[in-house]
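Top to bottom, those sequences are chains A and B. Sequence positions in the first sequence follow the working numbering and run 212 to 694. Sequence positions in the second sequence follow the working numbering and run 355 to 454.
Calculated from the structure, these hints are not laboratory results. The C-beta atom is built at its ideal place from N, Cα and C for all residues, glycine as well. Worth double-checking, as some hints may not be accurate.
[As the list claims (entries may be wrong)] Once the Cα atoms are required to be at most 27 Å apart in a straight line, the calculated DSS-like pairs of lysine-lysine come out as: (1) K355(A) with K380(B); (2) K380(B) with K356(A); (3) K651(A) with K577(A).
[What the hints assert, rightly or not] Covered by chain B, per the in silico footprint, the following chain A stretches (three or more residues, Cβ under 8 Å): (4) 271-283; (5) 378-387.
[Claimed, not checked] FRET-style restraints, in silico, Cβ to Cβ: (6) A366(B) with D309(A): 40 to 48 Å; (7) V656(A) with M440(B): 32 to 40 Å; (8) P357(B) with I222(A): 18 to 26 Å.
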Amino acid sequence: MVDLMLLAPEIIIALTGLIVLMIGIFMGSSSKNVLGYIATAGFLAALAMVIGNFSASALMFSDTLSVDPLSQFFKLVFLVVALIVSVASIKYTEDNTDTEIFYALVLFATFGMMFVASANDLMVLFVAFELASIATYALAGFEKKNPRSVEASMKYLLMGALSAALLLMGISFVYGATGTTSIPGIAQNMEVLTSNAIGLLAIVLLIAGFGFKIALVPFHMWAPDTYQGSPSVVSALLAAGSKKMAFVAAFKVFIVALLAIQADWRMAFAVLSVVTMTYGNVVALSQRSVKRMLAYSSVAQAGYISMAFVVLTPMALTGGILYTLAHGFMKAGAFIATAAVVYMVIKEKRDTEIPDHLDNFKGLGKKMPITALCLTVFVLALAGIPPTAGYMSKFILFSSTIQSGMVWLAVIAILNSALSLYYYARLVRYMYAMPHEGEKVSEPVPYVAALLISLVGVLAIGLWPEPFVEIAMQAASVLVGGM
Amino acid sequence: MIPLNWYLALSAIIFSIGLYGFISQKNGIRILMCVELMLNSANINLVAFSSYNDDMSGQVFALFSIALAAAEAAIGFAIMMSIYRMRDAINLDELNLLRW
């Protein structure tokens with residue numbers, strides 16, 4: 212008998228999505244603000260259900276879904292990010308006639324991400340992956356009169372469709388060689404792949420397919436355009452949520468299913484992770500658009516998290532998994548802060564082509580003190596300054612890399628972190644050391660609330676890391692179980 | 355019975371045509387058609403493997419992926435409609451507002 216209580220978070224999210232969509236149609240646009248509160252309540256309820264069943268472990272629906280510490284951890288990440296986005300969107304979708312579509316898409320995207328986290332079968336994994344992707348394609352182009360938003364969505368759609376095709380081709384070869392789509396089943400039939408060129412072909416296709424979603428260099432080119440052009444709240448969902456979904460899918464496919472041919476994919480991930488972090492940081496140095504800078508920094512962070520695939524010790528996996536949670540808080544918060552700045556620029560009707568230009572952050576410490584303070588904490592956390600979440604997760608990840616003897620990789624990663632400090636510190640300098648123009652702006656409450664949730668998360672992981680490291684360790688032990 | 359390798363060769367050829375078209379074409383509709391080719395070549399693979407492994411799940415997977423391809427095409431054409439309304443063309447070379 213299936214214990215539906217374990218699926219309660221997913222059911223709550225799906226029902227909330229349908230409810231928001233259905234009642235939104237019959238509402239006048241003046242009363243649609245309430246939809247944001249309904250969605251937020253749905254996320255809070257699902258979050259409570261996940262935390263309540265945190266140590267649950269079960270297989271459901273003919274072993275196609277597995278609820279285990281790994282899936283619960285990533286559901287936590289997705290729900291927290293979606294909660295932050297949904298709170299901030301209460302302001303963003305104000306006076307919009309399509310509010311119900313926006314929230315329904317956010318809820319369905321989160322639903323897909325959660326199913327990827329608990330997928331135990333490549334079929335479920337692929338379908339859920341596509342559900343989340345298709346919902347986010349539409350979200351990226353939500354401002355359909357804004358040419359930048361539509362262009363961002365077009366680029367994201369084309370690259371996403373290509374990645375889906377590569378992924379499906381890779382899965383078809385894995386299925387052909389092993390005769391099953393079940394992830395543990397593939398792990399049992401691995402000897403077929405080790406002695407076969409099909410295994411290598413499947414790895415190339417799967418790395419390319421996941422690499423597009425994770426935004427590993429050279430599959431990253433859509434990411435800066437999409438993160439810059441999309442509405443900031445959607446960029447937060449993409450960078451902090453959908454990227455983590457690709458990570459959990461890649462963890463399951465490579466570390467659980469394809470562990471036997473690890474020699475092949477570890478080498479590939481070593482090269483990709485070094486190239487990704489270096490390229491992301493170097494290109495971020497010269498960006499003037501803050502969202503684009505955050506996008507390149509997000510590419511670089513994907514490089515750090517990929518180190519977990521290369522080192523592949525339980526400690527490194529713990530670090531990588533903890534990093535996904537930390538990065539979720541930091542990146543979602545940073546994008547919401549730019550959303551607040553873009554709101555301010557539009558409100559002041561400044562004549563500017565790029566509303567998130569670095570010049571608009573001048574003197575933000577005086578104009579929008581809470582936003583500026585939170586953004587400062589987030590960028591310092593992204594650079595890895597203690598006592599923040601970024602420092603804690605980087606410390607675990609890098610020290611485990613050194614322990615396993617890959618000093619060269621750790622040195623490259625640490626040099627990259629030092630490099631990244633330059634462009635983060637420049638943003639802080641613009642906010643606090645530059646004179647400001649115009650009046651002090653009253654900061655919208657939803658943005659402030661979303662920023663404070665992220666701030667609490669970033670500082671909690673930094674100052675009180677033990678419980679978070681503990682749950683990340685349990686999640687990692689699910690992956691290591693097969694080793 | 356037709357050997358399995360023939361099916362794999364067919365799907366590899368279709369996949370390559372799709373990938374080539376994806377890279378070389380400028381028109382959004384053509385690019386989406388090329389993506390469909392790539393997805394369908396993977397479906398040929400799945401069905402062929404399913405038939406030779408004597409396992410139904412590959413064919414079920416192919417049905418799912420056809421449905422997903424349709425959903426993806428729907429959202430793709432919706433986005434192209436909004437581009438067309440703004441620019442009267444779906445030439446992807448002209449989508450160059452976002453650059454470094």
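Okay, the hints, checked on the actual structure:
1. K355(A) with K380(B): holds, 22 Å
2. K380(B) with K356(A): holds, 23 Å
3. K651(A) with K577(A): The hint holds at about 7 Å.
4. 271-283: violated (count 0)
5. 378-387: holds (count 7)
6. A366(B) with D309(A): 40 to 48 Å: holds, 43 Å
7. V656(A) with M440(B): 32 to 40 Å: holds, 34 Å
8. P357(B) with I222(A): 18 to 26 Å: violated, 47 Å
Against the hints set out earlier in the document, violations occur for numbers 4, 8.
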